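S.K.: As given, the protein sequences belong to chains P and B, one line each in that order. Throughout the first sequence, residue numbering follows my numbering, covering 177 to 435 in sequence. Throughout the second sequence, residue numbering follows my numbering, covering 65 to 336 in sequence.
No lab work stands behind these hints, which were simulated from the structure alone. Treat each hint with caution, since some may be false.
[Stated by the list, open to error] Below, simulated SDA-like cross-link-like pairs (lysine to any residue); rule was C-alpha separation at most 25 Å, straight line:
| # | chain 1 | residue 1 | chain 2 | residue 2 |
| --- | --- | --- | --- | --- |
| 1 | B | Lys333 | B | Arg286 |
| 2 | P | Lys290 | B | Phe243 |
| 3 | P | Lys286 | B | Leu217 |
| 4 | P | Lys314 | B | Arg286 |
| 5 | P | Lys286 | B | Tyr220 |
| 6 | P | Lys204 | P | Glu344 |
| 7 | B | Lys333 | P | Asp266 |
| 8 | B | Lys104 | P | Leu268 |
| 9 | B | Lys234 | P | Arg244 |
Quantities reported herein were computed from a predicted structural model and do not represent experimental measurements.
Now for the letters of each chain:
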Amino acid sequence: MKVEPVIEVENLEVKRGASTVVSEASFKIASGEYVGIVGPNGGGKTTLVEAVLGLLPKTKGTVKIFGRPIEDFDQWERIAYVPQHATNFDELFPLTVRELVAQGRIGRAKMGRKLRREDWEKVTEAMEFLEISHLAGKRIGKLSGGQKQRAFIARAIAREPEILVLDEPVAGVDPSVQEKFYKLLSDLNLKKGTTIISVSHDLSVVFCRMSRVICVNQRTYSCEVNEGTDPEKVLRQVYGEHFHFVFHRHECRGVFGNE
Amino acid sequence: MSDFSSLASLFSYQFFQFAILGGILAGSACAMTGVFIVLKKQSMLGDGLAHASFGGIALGLFLGLFPLLTALLVSILTVLAISYMRRQGIAPSDASIAVFLALGFATGLVLISLSGGFSVDLFSYLFGSILTINTTDLMMIVLLGLSIILFVLVFYKEIVVLCFDENFAKLSGIPVTAFNLVFDVLVAITIVISIKIVGVILVSALIVIPALSALQLDLSFRRTMIVSVAIAAVSVFTGIITSAVFGVATSGMIVFTAGAIFVIAAVYKKLE
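Produce the complete structure using the sequences and hints provided.
M.R.: Following this line, the structure appears as structure tokens:
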């Protein structure tokens with residue numbers, strides 16, 4: 177059965193000022209895929225993601241989400257985004273964890289209307305899923321790095337998105353929490369069928385867990401990840417000939433099925 | 065004012081009732097918008113708009129029009145200009161505010177000198193004159209103040225997310241540019257309806273101090289907003305009463321009360 181693409185990017189170009197950050201980017205992402213976006217610093221990963229979501233203007237090309245051009249897209253309840261540095265907010269901001277997670281339902285609630293009981297039930301579910309229910313009444317500025325991260329993911333999943341986009345979701349989070357977090361993403365992908373797009377610096381995580389990798393260094397390169405994939409060969413295209421990829425196979429979970 | 069009975073008798077006077085009602089309503093609007101302004105790090109916006117509206121007041125007095133109406137027009141045009149300069153990358157917010165603060169005040173000074181110098185009327189707008197609120201002033205405060213409060217209550221969840229994370233607001237389908245513009249206009253209106261209460265010079269205190277005091281208490285957003293409004297209402301009420309008791313400037317006493325509450329809140333936070 178043919179799976180319809182949920183995101184289609186064709187010949188995308190994005191400029192920041194006079195410099196071109198992303199050019200000739202073309203790829204499709206199908207429903208239920210778990211896609212990693214990797215690339216060197218300044219290679220345009222965040223720019224690519226923000227342009228695809230319509231947060232940055234594009235200078236060329238087309239972006240379609242669920243078959244609709246991004247310019248006309250209005251079904252935002254189907255998408256959630258956890259940006260890079262999401263947790264770097266003003267710690268004085270008086271939001272509790274529950275209030276933050278409830279923001280995730282705004283895309284589904286009517287403008288100017290209060291959240292309904294079912295919205296609050298989803299908020300509770302999202303907090304339970306992320307194991308932060310005990311922090312519901314706590315101010316987000318008082319949470320640890322890992323707790324903040326989970327609160328922001330909970331805000332995203334409270335929306336019940338069909339596409340979840342995460343930019344460097346575990347930056348600054350300790351390894352034990354990272355492990356739980358990636359397990360959670362796999363669960364969302366496998367159990368709820370959520371399409372996940374995750375920008376990451378951690379190449380082994382991307383090649384171990386995700387079904388496809390989009391490499392960005394101004395241009396984009398896309399490859400499937402399976403037993404026959406040679407990460408080094410793929411990544412040399414993006415990072416250059418001097419790149420050497422050390423692959424810790426024992427760390428792998430997910431797509432190679434050795435969990 | 066020497067004894068309690070004569071103080072209590074003040075409440076039977078219409079001018080005193082107008083002062084209490086208008087003051088609490090305008091103070092509540094200031095405190096509500098103030099929480100968002102402080103969190104958006106635009107605390108100087110109130111000061112800039114108040115000084116710019118001084119130009120509008122002078123224009124009204126010069127042309128023989130209702131000064132608060134001309135102040136309202138100037139204040140709205142100013143906030144739109146500041147917003148335009150920020151969006152177009154012409155100047156950052158703080159620099160634009162500084163420019164319009166100076167330009168507005170300078171316009172006021174030129175118009176005053178053209179019309180023969182400062183009048184009692186002008187002083188009442190500069191330093192506030194809550195006890196001289198008339199029926200027209202009160203109607204304007206009630207109408208605009210209630211509109212502001214209603215807007216904030218209806219679009220509360222949208223404004224909070226917009227204030228906290230603009231990109232997330234966009235991805236929630238909120239028309240961010242339109243909302244920011246409407247909110248900026250509401251701030252301009254809030255400033256103008258509060259000018260009679262504490263005056264051009266002190267109006268930003270009514271916006272910033274109650275909000276900042278409530279933010280010291282580590283409450284949820286909803287409670288922060290409620291406490292901010294309560295602090296503003298208590299400050300206005302206490303300021304009016306104490307000014308009557310001691311025979312001193314009401315606007316000064318309102319701001320002093322708010323300042324005292326802020327000190328208590330800050331000390332409480334430090335000791336917690």
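S.K.: None of the hints should be skipped; say for each whether it holds.
M.R.: Here is what the structure says about each hint:
no., hint, result
1, Lys333(B) - Arg286(B), "holds, 19 Å"
2, Lys290(P) - Phe243(B), "holds, 18 Å"
3, Lys286(P) - Leu217(B), "holds, 15 Å"
4, Lys314(P) - Arg286(B), "holds, 14 Å"
5, Lys286(P) - Tyr220(B), "holds, 12 Å"
6, Lys204(P) - Glu344(P), "holds, 21 Å"
7, Lys333(B) - Asp266(P), "holds, 17 Å"
8, Lys104(B) - Leu268(P), "holds, 11 Å"
9, Lys234(B) - Arg244(P), "holds, 17 Å"
The structure meets every hint from the earlier list without exception.
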